[in-house]
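Novice: Chain by chain, the residues run as shown.
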Amino acid sequence: MKILNVISPLRELARRAGLALLSVYLLGPLNGLAQQNFDDVEIEIFHVRGNIYMLVGAGGNITVQVGDQGVLMVDTMYAPLADKIYAAIRTLSDRPLTYIINTHGHPDHIGGNATLAPRGSNIAGGNGGGNTRDVFSMMAGQALVVSHENVLNTILSMDEPPPVEGWPTNTYFVEKRDFFFNGDAILLSHQPNAHTDGDSFVFFRRADVVSAGDIFNTTSYPYIDVANGGSLQGIIDALNNLLDITVPADRQEGGTMVIPGHGRVSDEADVLDYRDMLTIIRDRIAYRIDQGDSLEQVKASQPTYDYDPRYGSDSGFWTTEQFVETIYHELSSR
Amino acid sequence: MTLLSPHISRLLLVFFILLNIVVSFSVQAQIDISGEWAAVFHEDEDERRPGPEMVEYQGIPINEAARRRALAWSPTLLNLPEHQCKPHPSDYGSRGPSDTRWWKEVDSETQQLIAYHNRIRWQAPERTVWMDGREHPPEYAPHTWQGFSTGHWEGDVLVVRTTHLKQGWSRRNGVPRSDLAEFTEYFYREGDYMTQVVIVNDPVYLTEPFIRTNNWKLDLRQQIAPYLCEYLTEVEMERGLVPHYLPGQNPFMGEHAERYNLPLEGVLGGAETQYPSFIDND
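So the sequence lines, in the order shown, correspond to chains A and B. Counting from 249, one number per residue, gives the positions in the first sequence under the working numbering. Counting from 565, one number per residue, gives the positions in the second sequence under the working numbering.
For reference, chain A alone in the conformation it holds in the complex (with noise of 0.2 angstroms):
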């Protein structure tokens, strides 16, 4: 288990305070998970290309790759929508799930990891050499739960973590992260302090589709996990990286699929849409920080006005105001 690093006594304050809001989220009553009547939610399925299938009902979207070699998941949605989920995942394959992948840590994202996990299955074997299967998941017998380290570095610092069953034990710490799966090379890249600090993509190389996390939806504007590591410069620098991945098949459309944490099945020309948002209000807000704008004058020039209509909430976990303060904070202390 790595040991934390030792960080600053105010960024240190910053982490619990994000972690107990973010243990609030995951498990307190007092959140809109626990309220949430998931009772009529539907698991949709959408081919996207080849042997790549998106998942849509509550919470983040869901990719799924069958194949011979069983099934590989990125992410799991949300704790109460396990069992729909897997029969959903049983139309498409009865091969034994083997992979899940986390693109990041939040609840909408690897809630059916406990559910899911002990139902699928990986082979192991040989001496360790490589420590290509971790050990938990070998003896387990259940699916490899995958993730970059930082995300099971939130949840064994949470008070009141999510089941072990969970956990993204299969982790990587570097920038890359690869390996072959049903004819496929599956190429994870750590995208550092984007959404969170533990944020992947996950690249299916062959197919041609990447799962972006929640660094890229179609819905909102992107929520910056702060406590988390989270920062809006993280977050375009990520998108101008999954710019230099996506290839358009023609007239700018088409070709590389990218399928969003939130929203609609995705091409190049909807990223770089969401990128030119995003830089053209972190510009407005730098631009007037430069001038010497306090944070009430900077809100007043609404610098996001002509984007709200279409991806701005005044109600909600996330509101437009909870964004442009985040931004300012950010581009303040540079």
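It should be emphasised that the hints constitute simulated quantities derived from the structure, not laboratory data. Beta carbons: idealized from backbone N, C-alpha and C, even for Gly. Accuracy of the hints is not assured; some may be wrong.
[Said to hold, decoys possible] Okay, the calculated beta carbon distance ranges per label pair:
no.: 1; chain 1: B; residue 1: R725; chain 2: A; residue 2: F421; range: 35 to 43 angstroms
no.: 2; chain 1: B; residue 1: R725; chain 2: A; residue 2: D316; range: 52 to 60 angstroms
no.: 3; chain 1: A; residue 1: I293; chain 2: B; residue 2: E800; range: 43 to 51 angstroms
no.: 4; chain 1: B; residue 1: I788; chain 2: A; residue 2: L543; range: 52 to 60 angstroms
Since the structure of chain A is provided, determine the placement of chain B on it from the hints.
Specialist: Same frame as chain A, now just chain B:
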């Protein structure tokens, strides 16, 4: 084998004759828009062919959000490789160089019309209008430049509904059209002339439906050439740079208005600028 009586035989003959007439009439009541059609720029030529000028938004029912986005738009954006080679979206394609070809796809067994297909000269986008009654895709399906279109006949008028559009433009000088917009078209053919009425509804950037018309003339000698587009880095820019104008800093503000002696509030667009009554306002 029992033969039918002459009376019954005559009744059956009359029935089948009448049935044939009814079927034939119902088929002939629907025209065909197939063919090579040359764009006729009898309307709005300056805006459509040479193209609109910067900060020329009159006649579009945009809201303030759309206005601010338009004012932020810099044509330098088109230098970015990712912004090159974008075709006009299907609600705008007829506004540009829009010599077009329409052709039918027919079921070989039943001769029922399955779809109309369309190709436009500029950037050569191809589009399908499904005529077989199929449903539109779910909301989480990909959006495209041409969208997803279904059509039906209302008498001799082809009515087309399009959804699932990518973010596009209401005018190609930066006036945005969101990806939540949908539009309806009405195609009227009168002999060798065809008129298209386009009605765009955009809940994000328009305050009311935006209506435009376009015209074509049948041209039996038209040849639409291939249109190749390759995106390249022609001007080196810092990675991640997105050209745009900061609020209040568009250098072209007022230029179009001054050139044509128009009030600034008029060229900034809005529903009222669509109507002749705006001219009478002080």
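Novice: The structure should be examined with respect to each hint, and the outcome stated for every one.
Specialist: Okay, the hints, checked on the actual structure:
{"no.": "1", "hint": "B:R725 with A:F421: 35 to 43 angstroms", "result": "violated, 51 angstroms"}
{"no.": "2", "hint": "B:R725 with A:D316: 52 to 60 angstroms", "result": "violated, 42 angstroms"}
{"no.": "3", "hint": "A:I293 with B:E800: 43 to 51 angstroms", "result": "holds, 44 angstroms"}
{"no.": "4", "hint": "B:I788 with A:L543: 52 to 60 angstroms", "result": "holds, 55 angstroms"}
Of the hints listed earlier, those the structure fails to meet are numbers 1, 2, in rising order.
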